[in-house]
Amino acid sequence: MKNLIEVQNIKKNYGNKEAVKGISFCVQENEILGLLGPNGSGKTTTIGMLLGLLKPSSGNIFINNLKLEENRIQILEMINFISPYIELPKKLTVKQNLYVYSKLYKVKNIKERIEYLSEKLRITELLESITGELSSGQKNRVSLAKALINEPKVLLLDEPTASLDPEVGDFVRTFLEEYKKEKKISILLASHNMNEVTRLCKSVLMMKNGIIIDKGKPEDLMNKHGRKNLEEVFLKLSRSENEFN
Amino acid sequence: MSLTRIYGLFLRHFYLITRSFPRILDLVYWPTIQITLWGFISNFFATHTTYYNNAVGVILTCAILYDFLFRTSIGFNMLFLEEIWSRNFTNLFIAPMKIGEILTSLVLTALIRSLIGLVPAILLTSPLFGISILELGIFLFFLFLSLYIFGITLGILVSSGLLRFGPSFENIAWSTMFLLAPFGCIYYPIDTLPEVFQKIAYLLPLVYIFEEARNILIYQTVSVENIYIAFSWNLFYFIISIVLFYYSFSAAKNKGTLINMGE
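Chains as they are written, first to last, in the numbering used here: chain A, 8 to 252; chain B, 6 to 268.
The shape of chain B in the complex, shown without the other chains (with noise of 0.2 angstroms):
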């Protein structure tokens, strides 16, 4: 691993969104305007249901972990996308970059967008609403801790589908999170779902997450099980998404998707 290579396509990306104030917008304008809308709908229910009556901030809470999950599988694919929109995929394939060293990269660019749509999310909650996320205490960081690895994990999955499949696979990019979406238990307990749905639920890390998320701001109670069995899932699904990674690009390399990417 070269920190050198790592730091230098880290600031290929980092150019690139300081040098574009729409950019910039961009990655601020949807996570406010997430939680401002969901900050309403949260308020909604909380004079109209009784589960939420005690909990003002759980909907937005969980709207606020859901779209950080969101911001880093999308920044993730974004940055690999910037690469084929603007025809520079052959540039940085022919560096002499390890995959891991390019995935390495990307990882942390990632975390940094998704941190900066973030960071002002967070702040805004508390004057618009009375509500803070900080509520979460330490756990907290275990929760984001557990969606940046599932977002990357994502993220590296739709990249190795770009790898292999090429460009054409771009709008599976776009839906991924959507797909995942109902099954991750969001906004809602685990039982509102039917049976079959449940099983396949359980096998995502997200239940667990959101779960334990509630328990703290409803119930006041902390379950490790649940940050622990998330993490578990974290780790295979994110071990199975560098294997596919490695596969996609040795498959791109007998195929030849590397040197059409983009044209």
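The following block holds chain A by itself, in its conformation from the complex (with noise of 0.2 angstroms):
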């Protein structure tokens, strides 16, 4: 299998304050990654130095064998994005914002995308909405359509089904499913739901205080700390002092 995202030993130092301290990791193609880690242990900023947003400190990000730091615009088309902390335009309407970001992708077959996109994500009804007053399930299934807009290859999940009824969570975890058998794509996730990254995730990362302090399958990992779900690994992990650094 073909490694779509590869990182290499990445560190970033904010002033003196290591907030990723040297991890790697790999994606393959039709992959998962679960990335769990309580708060403030370097999840977000190591999706932002996948993202280009962030530039680390050290170390070397390739996406699809392309190196990042020399091919950031080429590796932009082929990446996105989904988090609850960003919005798309409130005063556009759904489909406007859909036009848009399919222009700035160089989307070819636009009205056929966005056609496909709505049907698989139930949001044909809600295309000539405006954006800022759709619903949190509605604006996330569209913020999944944005994110797809281009066919990435990879896609970045920061908390994708936060603040979502169980309904809609469930439709878009078994989207996702379907979407990346579909496609192929690699996804890496970072959510604090851990039966949702039970459910999707082939393997996990742990992170704390900068590094990756442990990793392997859901269910290994129950095993190897001896417990019965991945919450309660989760809460070992997290709550351990100095164990693992």
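A few of these clues could be false.
Unchecked claim - Covered stretches of chain A (chain B as the covering partner; in silico rule of three or more C-beta atoms under 8 angstroms from a C-beta of chain B):
hint, region
1, 52-59
2, 65-78
3, 178-184
Unchecked claim - Far from chain B by the CB rule (all over 12 angstroms, computed), these chain A residues:
hint, residue
4, N10
5, E132
6, P173
FYI, nobody ran anything at the bench for these hints, they're computed from the structure. As the structure is a computational prediction, the values presented were derived from the model and not from experiment. Don't be surprised by glycine CBs; every beta carbon is placed ideally from N, CA and C.
Can you join these two chains into the complex? Each is in its own frame, and there are hints to help.
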């Protein structure tokens, strides 16, 4: 299997503070890798570096075998991102937003692409609605449509189902599973929802204080730490003092 | 440079403007108020001073020119601030857009925003005050172009600050033009300023632009030298602003401002 994301010993310092202290990992084609860790563990910083929004203090990032530092535009054309902390312009209609981002990503066959995603994500009836007037669940599906508008090879998801009701959350998870299977994309999923991570991820990385303190398949981690679910593993690792540092 | 992407970002702001009547009204309202106010002041001075005796429209023309500068600069900043306020900033900077494409799109959109406000103001001056700014002739184009470049330059400088320091730099965005106005010698000749201020004023293109507008309207003479110097300073500051924007983008990537913007 081909590695679509390859991170080699990246570090990020903010002045004297080390936010990420030299982490390495790979995400293969058709794989969802979970990125777990308590707040302030370095997950957002890591995602920021993968998106080219943050410059690593040292280390290298390769996306589809291209070095990010030297191929920023080419790489940004093949990745996308969704997070509850960023939004689409509220005053524009859903269709206008999708059209604008289709242009920014130089999507061919814009009409067909918007129709395809609208149907898949059940937002066809929302296309003429004002984005700012949508419910959280509707906004989430629209943001997902924007994140898939360029048919990304790599998708970075930061809390993709945060604040969604169980029905919409399940719809999004099922959609992501099917989409990944169909398009063979790589997904890096940062989430605090351990059931979601257990369901979607082939393997997970546990981060704490800027380093990876453990990694493996969810079931292997549960066995290794003698816990019955991933949430308990998470609690054990995040509460442990210096055990893994 | 990709015209498709530039057009795409232009569309984002075009949709925003055309969807909102208050935004269109805001674009037209302030220049109209400004022009009306200064029109009356202009009429007053015309009957009470000798300086403006033969050129009733000088103050009004300068007000229109200054307003164009003000609208262009603020308009550029607004486009940038809109992205921060709508929390769309990260989406924009993870799109495969070159910095040059972002700047080009914002520069063109700012021009259209300014023209939306300027055209009604120009049209109003003739029926209300019997004055036409078009009396400046072909040189009007060069004066507007010069002001446009300087307005954009100020916009890029402020946006660089927003990139580097985040939304906390927003207040500076609103005050830039007010800070520069006294040195611009918009409504009075440069001799009016104290000598120290004159030295500062000569480093700005504004002095040459407004001096030239008065030359044409009051003395009916054209000094190509003023226009040339104004463009030279404009080029100098424009290059500095572009360099600073790239530097700020790089600094923001080191500092993490891009990922936290709008939060």
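- Does the structure break any of the earlier hints, and which numbers would those be? 2 and 3
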